[in-house]
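Residue numbers (my numbering), protein chains in the order written: chain G, 211 to 556; chain E, 211 to 556; chain L, 455 to 811; chain W, 455 to 811.
Keep in mind the hints are simulated off the structure, nothing from the lab.
Some hints could be false.
Taking lysine-lysine and the DSS-like style, the derived pairs with C-alpha atoms no more than 30 Å apart in a straight line are [said to hold, decoys possible]: (1) Lys392/G - Lys593/L; (2) Lys500/E - Lys432/E; (3) Lys593/L - Lys479/E; (4) Lys392/E - Lys479/G; (5) Lys261/G - Lys479/G.
Note that the structure is a prediction, hence the values are computed from the model and not measured.
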Amino acid sequence: MGKTKERQVTTMVEQSQRIEPSPSQLLDWYRQMTLIRQFELRCAQSYQQQKIGGFCHLYIGQEAVAVGSLAAARPSDYIITAYRDHGHAIARGTDIYPLFAELYGKSTGCSHGKGGSMHFFDRERNFFGGHAIVGAHIPLATGLGWAIKYRRQESVVFCYFGDGAMNQGAFHEALNLAGLFKLPIVFLAENNCYGMGTHVQRASAVTDLKLRTGDAYGIPGKDVDGMDCPAMYRMSQAAAEYCRGGNGSIFLEVKTYRYRGHSMSDPQKYRTKEELAQYQRYDPIGRLEKQLKDQGLLDEKKIDALHQAIHKQVEEAHHRAEQDPDPELDDVWRDIYANPFGPYRS
Amino acid sequence: MGKTKERQVTTMVEQSQRIEPSPSQLLDWYRQMTLIRQFELRCAQSYQQQKIGGFCHLYIGQEAVAVGSLAAARPSDYIITAYRDHGHAIARGTDIYPLFAELYGKSTGCSHGKGGSMHFFDRERNFFGGHAIVGAHIPLATGLGWAIKYRRQESVVFCYFGDGAMNQGAFHEALNLAGLFKLPIVFLAENNCYGMGTHVQRASAVTDLKLRTGDAYGIPGKDVDGMDCPAMYRMSQAAAEYCRGGNGSIFLEVKTYRYRGHSMSDPQKYRTKEELAQYQRYDPIGRLEKQLKDQGLLDEKKIDALHQAIHKQVEEAHHRAEQDPDPELDDVWRDIYANPFGPYRS
Amino acid sequence: MYGAIFMRIPLDRTGRDSLQDDYVLRRMFMPMMQFREALNQAMCEEMQRDADVFLIGEEVAEYDGAYKVSQGMLAKFGPTRVVDTPISECGFAGLGIGAAMAGLRPIVEFMTFSFSLVGFDQIVNNAPKIRHMSGGQFKIPIVFRGISGPGQQLAATHSWTIDALLTHVPGLKVVVPSTPHDAKGLLKTAIRDDDPVFFLENEAMYGNRGEVPEQEYVLPLGRADIKRAGTDCTVVAWGHGCLTALAAAERLNQLHGLAVEVVDLRSLRPLDEESIIQSVRKTGYCVTVEEGYPTCGVGAEIAARVQEKCLDDLDNAVLRVASLDVPMPYSKPLLNHVVPGVERVAEAIKQAVYFRV
Amino acid sequence: MYGAIFMRIPLDRTGRDSLQDDYVLRRMFMPMMQFREALNQAMCEEMQRDADVFLIGEEVAEYDGAYKVSQGMLAKFGPTRVVDTPISECGFAGLGIGAAMAGLRPIVEFMTFSFSLVGFDQIVNNAPKIRHMSGGQFKIPIVFRGISGPGQQLAATHSWTIDALLTHVPGLKVVVPSTPHDAKGLLKTAIRDDDPVFFLENEAMYGNRGEVPEQEYVLPLGRADIKRAGTDCTVVAWGHGCLTALAAAERLNQLHGLAVEVVDLRSLRPLDEESIIQSVRKTGYCVTVEEGYPTCGVGAEIAARVQEKCLDDLDNAVLRVASLDVPMPYSKPLLNHVVPGVERVAEAIKQAVYFRV
Ligand SMILES: Cc1ncc(C[n+]2csc(CCOP(=O)(O)OP(=O)(O)O)c2C)c(N)n1
Ligand SMILES: Cc1ncc(C[n+]2csc(CCOP(=O)(O)OP(=O)(O)O)c2C)c(N)n1
Ligand SMILES: [Mg+2]
Ligand SMILES: [Mg+2]
């Protein structure tokens, strides 16, 4: 990686350290992370009751990544991620009612019941989806970045994927294109240590993931503590600025951990309870809660009130979604073609 | 890249410098390179006469790469390359008569007329082919390396590909597998500055190709002068030893240049005559010829005799191949299945 | 070199109302033009018309296109709109799809569709399904174009006729023109279409010349064209196979006075089933012609539909002509033996109509 | 739980002479076994028999297989022969093919064949064509196995029935068993076969139980099996679709006394055309059942062949039952509407035989 790039990155990191979130931001993030977690606990429950089908990949433990990074995103920025997408959608501001409805396969769902847990979309919020083929959305991110550059916009793409996805050819080709065309993309590798049951050490020849993109694609890499929401925000904000400045792409190795199994049907024999417990000690929500308490911004009463409000919000959205009608059977022919023909004409 | 790896590579380079090819080796390489060039000039002629079909990618200018590196290969080593494969097959020892016959699509061809220029194969010499989908043979090389390791053999894979191929996903996945499983593979990227009409600077976000594999896959990279046959030999020999020693794979960025168009139908508007002329000054054959003359191993008379012998060899092989019969039409059903059925049964 | 015709473009049965204005009877001047020029014109006109359209692919810009289809376009539109890529089919196909999601209208050139297989997931999963999986929130207005069909002795991996693999997949559209005229009109429509359209060309046809109107025109997707009218046998073909079929029809007419009707599908998805059925109802016989592998091919689909929709009108089974069921060999005589030529098509037609000398 | 039968494995018409010794009438004890156990046994037996056989794929080793097909195999054979990979389908498919070229006999597991599309070039270009392009110098004894078919609400990209895409390609073999018995016998043959064999399983069937002989046995590729004999209508099916067909046949028998014959193809390439034709000659009616997309599907191929080979024996057109021609939706009622169930197959059969109450 060239000297200029290195200097730019040092500047970026320094800049990030000067960014100070406001109390209201911190409180909002606490609320968002709690909302994501409550949402997902409710999902887990419904899934176990077999009311939700398909695969369901919970984000529990990783909430700070989506919340902290997307706090740095403008409404005009583009967001794209993989199938573990609940947290990103909620942090992007999608209401949880259409998300629940999607999980229930209802036509009121955020993808009209066609996508399910792995395929949340929200066009209005520039949320370009959850995508379920590992790595296959990373090239799409280059297209989003391309469109931004083509139109000389100031926007940035936030592209999320897992440590496991980095071993896909699609990752390689996309990163080279992003480096070559200097596309405004923040690549966020959520390194939660596992791709399904395989530890990153057993999947990646090099485990220091932040190094994988510098010499290979001229895209500087930095790591960041994904269990620390303000840290995520600071680095993402600086990274987005770096990209808006026309410097091309940047790569963040986000160190995080998922508490639950890969999906709902994972016996998790590949890790010990101790390993899990160790990470849970750094729980992103607990950590921010403590900070907010220390700063006098939260107390037990406020926390209780907030949790109750969120609980109510979750239950109401869930209930409403559950009551919604299933799609009409004829819906299977709809929304396949934008210029439909034959049986696809509605 | 780890400290241990770096040390190993330094050792390898030092070792390579101590390797001294014998006079008879040098003379043989001179003969081989001349044979390859004469062979290909004959190909070009036949192609222009439209006696040869398909695509035909000449190796002229790059002869030192195949000859020098394959001088380091044992008969039990595995060789695999892309569609620009004439030089590798000849340097591996395949007789030029079945190669000509292949170009003519004859059943006496090295691939029985089924493969053509891009698909030379020679099982007997562990030459695992010419492959025409860019990058797609690199994963095959990991399989060859896997088989060697599985059987605890001492062999090494020599895997050749172009600078352009390095932007394929297949390259990425293969290098990661090779790094992860520590497979005995010498990866030789023949950087001839162009993938078709696209300069490496316009295709690769990072043009210092030798750096692309260290941090990304834990596979150390070194560059080597591909216009210098003895240098190619020394480095390849040391690299092969590195792999035989159980250290895993190694990556060589081979700096070279092709004199002819990408294929026979390339108007070459993407480069200047001067650029070409500059590289031709370092012509691998001319350079070795000068060295051999300086060492008193060759003189004009010997050179003449050798050229005439090779000319005769080429003409005879060509003539014989041209006379050979076309395959029987029923041959189209043959050699598709090893355990054939229905119409594929011969 | 100039003709003048009335274009036979019907007004009904098209899915694209917004385009119907263009389908009018018009007197047109028809200069002769190469297939590749027609494609070039279509792209240039659409790029002039709509700033969101851009062309991307290997060697499309500085090299002027591996097969010179994009000749001069870099000079005309500059490097932001005519874009060379690394050899990364998965990457730049995905880039195109992402750009389409963001509202641009990319034309992605595959040097040949044989190379698209390394990016197959992008083209059969992302392109056709993201709209659906998002419940219709996104449209994917993208054209993938390039060569489909066996080239000149390029051997097995380089000689894909990809028609059937793509036609199999709902969410895509597949267009295969057989004349410069159709190529231009269909490509313009494909570029304006809001869905992923695969536009399949053929190396052997790039140099073909044909009449192309001077005035602007577009052709609807999903409308077959009767390239030769006849009453004795229906031959269903498309792309390069259509030319083979026409030659066979001509030969049979000259030799035996047979009146063969050649239905040029022009697009495989949407498929103009009605035109096929109508023709078969008339002739009672049907032969399909394709250059791809026979098994689960497009010919199989047509045969299955024809027997389903008009079994009682058939006086013989639908016969399929396709490449032999083998990988393409390099050797020229072998290759010519594998790919269906005029002779083989003519024989099949004779067999289909129980023709005996 | 134990039955005893004489196995009906004929001796003729098989392409694999070396295996014929195994196809003898034998009295066998038949313990009940899950489909996944049958697969597991087949792999274990072949790995015990031949040290060149190894299993590689995502999560096959330490995780015991994403769908537990390889349960216990790591413990039995160690990490050199039961190998976890990164999520690199192109990479490890290629690794398998390369290892096969070098003489090993890999079994490559795709978690599902939906994921194989990112490595599609390896499986449709390298695997089936290298032998051919080398003029027969190399054989590629490799098995790719995994799930093909819509799972439980996995949405469009994850629900591929890949049968037709693969069957299209000469150079491959495609096997789709419907019972634990067939699965074991066919997988063992596939592993011993010297060509690339695609072995397509189905999540919905892994838990199914059936009788499996205790003694060793293998089954030939390319031999259909009449899973239910009947005289009123031929239903051609395979894999999971075969179970749907059997259920429909049973229902029609109970409700209306129809005697439906169900031909289980078991392998799509080689395809046992003779068995299909024989059955259709007998019944005069034919329905195909598949879970993939209909267009250019395997049903189309069968319909095309049936009408070609025995048009005069058909008393009605061949009807195809397939998934609707749409991407798979997530919603359960929508999914169930798209994938053909017993009801839809039964209706098609009634329609095919002009059945009226
Ligand atoms: C191409 C492909 N291969 C395999 C899978 C199955 N699969 C789904 S998620 C997953 C693990 C991905 O791990 P990672 O990228 O680290 O993301 P995480 O699940 O940890 O968020 C696998 C193997 C898939 N969906 N797509
Ligand atoms: C996947 C794929 N894409 C495109 C092509 C067309 N093509 C053949 S060779 C080539 C250039 C390759 O360049 P490089 O790897 O540098 O090798 P070189 O030709 O310089 O030896 C291209 C684009 C192909 N064969 N395969
Ligand atoms: Mg992970
Ligand atoms: Mg090159």
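Quick rundown of the hints versus the structure:
1. Lys392/G - Lys593/L: holds (26 Å)
2. Lys500/E - Lys432/E: holds (26 Å)
3. Lys593/L - Lys479/E: violated (39 Å)
4. Lys392/E - Lys479/G: holds (26 Å)
5. Lys261/G - Lys479/G: holds (26 Å)
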